[in-house]
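S.K.: Sequence:
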Amino acid sequence: MTLSSFLRWAVIGIPIGLLYSNAVEWLIHKHVLHGPGKKRGSYWSFHFHEHHRAARLNNHIDDAYRASPTEKNAQSKEAMGLAGLTLLHLPLFPVAPFFTATLVYSSVDYYRKHKRAHLDTEWAREHLPWHYDHHMGPNQDANWCVSRPWFDHIMGTREKYVGTDKELADYNRRKKRLEELNPQAV
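So the number in the numbering used here is just where the residue sits in the sequence shown, counting from 1, plus 253.
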């Protein structure tokens, strides 16, 4: 393989892998985790009924991310799902190495960003505002992307919340409620 053909495959495979990963992230989040996942008892219900609940109650924090990924919880199911999707695509490596390597990178990047976002609210607001908006905004059926907001923009599902008057009003209401519940904590 010549250097020019190597670069050509890299220039094609990497952006296609990034777009494909973001599309899959959007599709699974919208149509699986918020489709069958909203039904209690579904295998996918961990996402909406555990993860979303924890985030809404704890200002975007989900303490389950502090646990080992080997524990049985929503985050271990997420990690297993990402690993399964990645393994499913590995046979493509001989014919599309840059595409496949980008999918592996994207899976790791997704998990790393998602975990950090749910352990550090201010980091999430600054670096992944679209994901913070998904959990804390008024419409949890929007802003499906985690790693990058590309497909939310493409599909028209990006709804801004961070930095809006609505967010400020919600923040002040939550703060007041916390002060009433525990005046020493604030």
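Keep in mind that a hint or two might mislead.
[To be verified] In silico DSS-like links for lysine-lysine, alpha-carbon gap of 27 angstroms or less: (1) LYS366 - LYS283; (2) LYS330 - LYS292; (3) LYS429 - LYS419.
These are calculated hints, taken from the structure and not from any lab test.
S.K.: Give a verdict on every hint.
M.R.: Verification of the hints:
Between the alpha carbons of LYS366 and LYS283 the distance comes to roughly 19 angstroms, so the proposed pair stays at or under 27 angstroms and holds. Taking the CA atoms of LYS330 and LYS292, the gap is near 17 angstroms; set against the 27 angstroms cutoff, the hint holds. At roughly 15 angstroms between alpha-carbon atoms, LYS429 and LYS419 fall within 27 angstroms of each other, so this suggested pair holds.
The structure agrees with every numbered hint stated previously.
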